[in-house]
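Single-letter residue listing:
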Amino acid sequence: MPEETSHIPPAAAAFPPVSRREVLQATAGAVALAALPGGAADSAAAAEAGAAAGHSLRITVNGHAHELAIDPRQSILDVLRERLNLTGTKKGCNQGACGACTILLNGQRVNACLTLAAMHDGAEITTIEGVAQGEALHPLQAAFIEHDGFQCGYCTGGQIMSGLGCIAEGHAGSPAEIKAWMSGNICRCGAYPGIVAAIAQANKAVRS
Amino acid sequence: MTMQAIGKPHSRVDGRAKVTGGARYAAEFNQPDQLYAVVVGSTVGLGRILRIDAGAVAQMPGVRAVISHLNAPRLAYQPHKGGTDPANGERLHVLQDDQVRFYGQPVAVIVADSLDHAERAAAALAVSYAGETPVVDPLDAKVQPVAPQAGRAGADRSRGDADAAFAAAPVTVEASFDMARENHTPMEPHATIAAWSGDRLTLWSKSQFVVNEQAEIAAIFGMPAANVQVICPFVGGGFGTSLRTWPHVTLAAIAARQVGRPVKLVLTRRQMFHTTGHRPRTLQRVALGATTDGRLTSLIHEGSGETSRYEQFVEALTSTSGFMYSCPNVRTRYRLLPMDTGTPTFMRGPGEASGMYAVESAIDELSYKLGIDPVELRRRNEPAIDEAEKLPFSSRSLMQCYALGAERFGWASRDPRPRAMRDGRLLIGWGVASASYPCFFSPASARVRLLADGSAEVEAASSDMGPGTYTSMTQVAAETLSLPLDKVRFSLGRSDFPATPSHGGSQTMSSVGSAVRAACLAVQAELAKRAVADRRSQLFGASIDSVEWREGRLSRKGDAAAGPSYSELVTGAGGSPVEAGASAARDAAIAKQYSMHAFGAVFVEVSVDPDLGLVRLRRAVGAYGAGRIVNPKLATSQCIGGMVGGLGMALMERTALDPRDGRPVNAHMGDYLVPVNLDVPHLEAHFVEEQDPHVNPLGVKGLGEVALVGMAPAIANAVFHATGKRVRELPIRIENLLDV
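Note that the protein sequences, when read in sequence, are chains H and R.
Read in order, the letters of the first sequence are residues 1 to 208 in this note's numbering.
Read in order, the letters of the second sequence are residues 1001 to 1740 in this note's numbering.
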């Protein structure tokens, strides 16, 4: 019989605290960048955004540097999907409640929908498109296929990014721990048992 | 050796695309020069639009159009009803008049050069209304129940004299049940990208029924269906909400035409609770009469469900009550409750899930009154035939499901007394319930092309919202053609592919699978015909009856030597692909001879915290008799997913409406509760061996719905066993159990 576990709020995993210092640093970085000459990796998009886009942003996504002018209201999620055409990161609820948009931001898992891009100038971002090494799947990706940890696939990118975070944080030591620390990622198809099995297997592979 | 693809636990053929972010869903087909549309919904629940202040918003940054009934084109809205549209009533005509029929009804659409600009303008648009108070509560005295105008599922049925038998029965149960409205809440919001090229329209649109979306949009715009193309290779969860074409698809097409550029429109999560259907709240009464040794003498099942004022949504609320149990006196009655709400729609196990919740709960109550184990009670009332239709079942393995499930669950060690089982301070309950869903088989078509390299391309309109259509159809084609899986490429999700029925009603495997099989046989026949007529072929001159396909080679009957392969035949004939299409449909005579359903038995264990009233599912075992299982790995996932859906229905899901205006107050994934990882314990799905030659050529029954159906009553019954308190509403919440 499964044991009773204490419920660790998944929100703790989904929203790593951002200190006031980090916010100030991000802002300062953005101001400094605004004074730099262009060299935009995404000049077409920058031009399209036009005068209304008041903010310059420099981010590295999956190892590729981007510099673009953004609307200060834009989330990282919308920048990824609508500006960089990186659509593997999904918009499920846009309210931080489903986890489909989970990315690694400077190595930490966050909900991209609740993360204002303008606050993260200079950030290193990893999305689901950046997890495999060429044709070689990451052990967690392979484990998701092996354990059928998905059906429709829409939450899958977020589950895998969150699973990578879960493993890196040391929160994948047991099925009960994985369940607790993965409960910020909803799978409406109900593939949770496969998700837990996949993360447990990948955790072993990564740590061995 | 014979290559077998069917029945093997293959991993998903689209797995790599889904784990790398490469699978593209509707909103991800970004088009050059694309603009963004955002819907503005009504903020009153009933009334009339008085004024729309479009001028101010039109001046906002990036805004290209503000479209409302004041300036929208008058659309044709020609008659069209697909199989997933209500038979009675007329669909909402969007932006065609000033009437507001329900809260959140689209009243305008904003088009801008970026999503942010469109969202900002949509939030700023001032709309004033002459509002009235809508009727949104089924218990409101102003609700006037109506009998459904058509549809066999809705017909009142009676055999014997159920009321007299109930009055005379020595043991009776009579109970009323209230099941909450649910929203499908798939992970992927509804989304459409619309692009016009002259008078041709392309829609990248989330749909479980691309050919119907094509026909519906063509009818709405008064254009030939051939001028509309719907593309949807991946569906991010559906559960029924994408079976119909909702107003946002029309809005995207209107917007794209108005601005002369492609337009992307994605509903917000909140809007997903307004205009894209829901499982209707149902009110039910069940009355059972039985002999003291547990034989049913009367079964009365009455129910009613929400619908809108402009359409009659009819589901199979009472349809299983006629054949689940042997009973001489049965009466069912079904009514609709028209209210000021959007039209409900099919949601996983539509009707069966709600109706069997009530009846299976009542049967459980009866088992306690009789002092008979609930599994044994079902065994004593197992019918030999479908007593409603007076037809034999094509196959019915319900008792085998109970035997298998009971064994795997360990049911024999259950203490039958309520509150008798404990784990420390927690009350433990074990519950059980039956599941059933019809085996539909609708006309479907498919096309197969054999290429010179010996591979096959297979196409059917269809969809794959998660069950694994890509994989299972690849398996059917590989098996029929005797090809390895990696030599078959199956494509779906395009309205210009051969037509298929809706990807719902658990009928894709039966219908599309049978069509794929038929198309594979047709292309083999075509290739054989060419081979015997081709002077260059070693089979030239042979009669078509003297050759046969063995292991993917065309050989002479009785000749052990292997003949030419697909590759050799196609190459030999010039190298152009050889193509054939075929359709499949149920033999009408078979449908008159057999009652065809899938069955299942679900066993669950719950714990109830007596101080907090908190219910947790601890484990579940589902056993299903669903015919041939094409892919046990994916079928298991589908059943576990159905159990998780049933867990949501039992303990969490409830769309709560503000009685003042009908606004769904919990239209948010943080407040509309669905199971999360930590809610889901060890779940097992098992399949009983079942060979059914009647349901369709593949012998498959479909799993999507039956997997969900029995879960909620099993949990409700387990809560009673744990606590001794019968809760007759879903979801069962803490406040229902504070006194246990």
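No lab work stands behind these hints: they were computed from the structure.
Where is the CB? At the ideal position from N, CA and C, for every residue including glycine.
Mixed in with the good hints, there may be bad ones.
Quick list of the computed label-pair ranges, beta carbon to beta carbon [said to hold, decoys possible]: (1) H:Q108 to R:D1137: 53 to 59 Å; (2) H:Q108 to R:P1009: 52 to 58 Å; (3) R:R1660 to H:H64: 48 to 54 Å; (4) H:H64 to R:E1579: 40 to 46 Å.
A short, non-exhaustive set of chain H residues, derived as facing chain R with CB atoms under 7 Å [as the list claims (entries may be wrong)]: (5) R58; (6) N62; (7) A65; (8) D71; (9) N85; (10) F150.
To see whether the hints hold, each was checked on the structure:
no.: 1; hint: H:Q108 to R:D1137: 53 to 59 Å; in the structure: violated (46 Å)
no.: 2; hint: H:Q108 to R:P1009: 52 to 58 Å; in the structure: violated (36 Å)
no.: 3; hint: R:R1660 to H:H64: 48 to 54 Å; in the structure: holds (51 Å)
no.: 4; hint: H:H64 to R:E1579: 40 to 46 Å; in the structure: holds (42 Å)
no.: 5; hint: R58; in the structure: violated (20 Å)
no.: 6; hint: N62; in the structure: violated (10 Å)
no.: 7; hint: A65; in the structure: violated (20 Å)
no.: 8; hint: D71; in the structure: holds (5 Å)
no.: 9; hint: N85; in the structure: holds (6 Å)
no.: 10; hint: F150; in the structure: holds (6 Å)
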